[in-house]
Amino acid sequence: MTQHPAPVPAAPPDVGTAAPGGGTSSARRPGLPGWGGLRDLEREAAVTALFDRHHTELVRLAVLVGAQGDAEDIASEAFCELYLRWPRLRDPAAAPAYLRSVVCNLVRMRLRHLQVVRRHPEPGLPDAGSAEQEVVLREDHREVVDALRGLPDRQREALVLRYWLDLSEAEVAATMGISCGAVKSHTARGMAALTKALKECR
Amino acid sequence: MNETESVARLREALGAMAGTVRTSPDAYERALLDWRRRERRRRLTGLAVAAVLLAAADGVGLWALNRSAPAAPVVFDAPAPAVAPSGAAPSGAAPSGAAPGPVSPPGAP
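These protein sequence lines are chains A and B, in that order.
Numbering-wise (my numbering), the first sequence opens with residue 21 and increments by one.
Numbering-wise (my numbering), the second sequence opens with residue 20 and increments by one.
Don't take each hint at face value.
[Stated by the list, open to error] Only pairs whose alpha carbons sit at most 25 Å apart, straight line, appear in this in silico DMTMM-like list of lysine to aspartate or glutamate:
{"#": "1", "chain 1": "A", "residue 1": "K219", "chain 2": "B", "residue 2": "E31"}
{"#": "2", "chain 1": "A", "residue 1": "K204", "chain 2": "B", "residue 2": "E31"}
{"#": "3", "chain 1": "A", "residue 1": "K204", "chain 2": "B", "residue 2": "E22"}
[Said to hold, decoys possible] Taking beta-carbon pairs under 8 Å as the criterion, some of the chain B residues facing chain A (in silico):
{"#": "4", "residue": "T23"}
{"#": "5", "residue": "L29"}
{"#": "6", "residue": "V40"}
{"#": "7", "residue": "S43"}
{"#": "8", "residue": "A46"}
{"#": "9", "residue": "R49"}
{"#": "10", "residue": "D53"}
{"#": "11", "residue": "D77"}
No lab work stands behind these hints, which were simulated from the structure alone.
In this text, a Cβ means the ideal position worked out from N, Cα and C, and glycines have one as well.
Construct the entire structure; sequences and hints are all you get.
The structure is reproduced here in structure tokens:
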């Protein structure tokens, strides 16, 4: 993963690793914040460290829960939300969970928007699937992915968070903003529907 | 196919699909510019709202002052206390240095 230059102060200790950066890449830095004081620089350093560690994972999460071409925009939007709300964040260690939650919510909103748009079709809408994924995925993987895309949003989110990110039920519940019982229900129903769909494929 | 096998296939497929996702190399720069642009816009919006509120409060105050009659008090209802000339005690006031005590009625011994 690419390490990005961080502003001058290091990240707070509870955010994790020290802020990445190096003298060689300082020329790529777009400039210090105009009105920012020390707090702004600290915030930027902390969010930059989080970006380095979690950006790719969040883009992948967005793709797996249903976003396609704009997965990267959704991940970027999640970091923007975190940056704006950083002073109100109670615990910096909760930032990754917050980012996952924002990504899931944004993908759900996007899918709802697409459902509305598809009721009033216009020419030139982007295709749902990425050509690269279609080519690279093996046939059996593609069956699973197609079956997963056919599930309701909540069930798909629960399955991805539970079995791809290996989160506990409590963490999945916190990310999705629902109770642990609802997570169990979504996971069980999703797995049952997925198993049934895979059996029908054979 | 049982559920354990489904879970294994699901994990494998999710891993394979996640492996196909690539991020663009300039994602950080674009995100950084976006953070700063939004923060600047948020602060400008806050400043604009504060300026509008201040101007509105000023306008209301000036309107109230302009609307009232020149003699009528706008801010304070009570009339201003009479200012005694310097060196003279106001009428009815005890002379300075006199200890306050019981007031005897006129004609009392």
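Results for each hint:
no.	hint	verdict
1	A:K219 / B:E31	17 Å, holds
2	A:K204 / B:E31	21 Å, holds
3	A:K204 / B:E22	14 Å, holds
4	T23	10 Å, violated
5	L29	5 Å, holds
6	V40	5 Å, holds
7	S43	6 Å, holds
8	A46	6 Å, holds
9	R49	7 Å, holds
10	D53	6 Å, holds
11	D77	26 Å, violated
The structure shown violates the earlier hints numbered 4 and 11.
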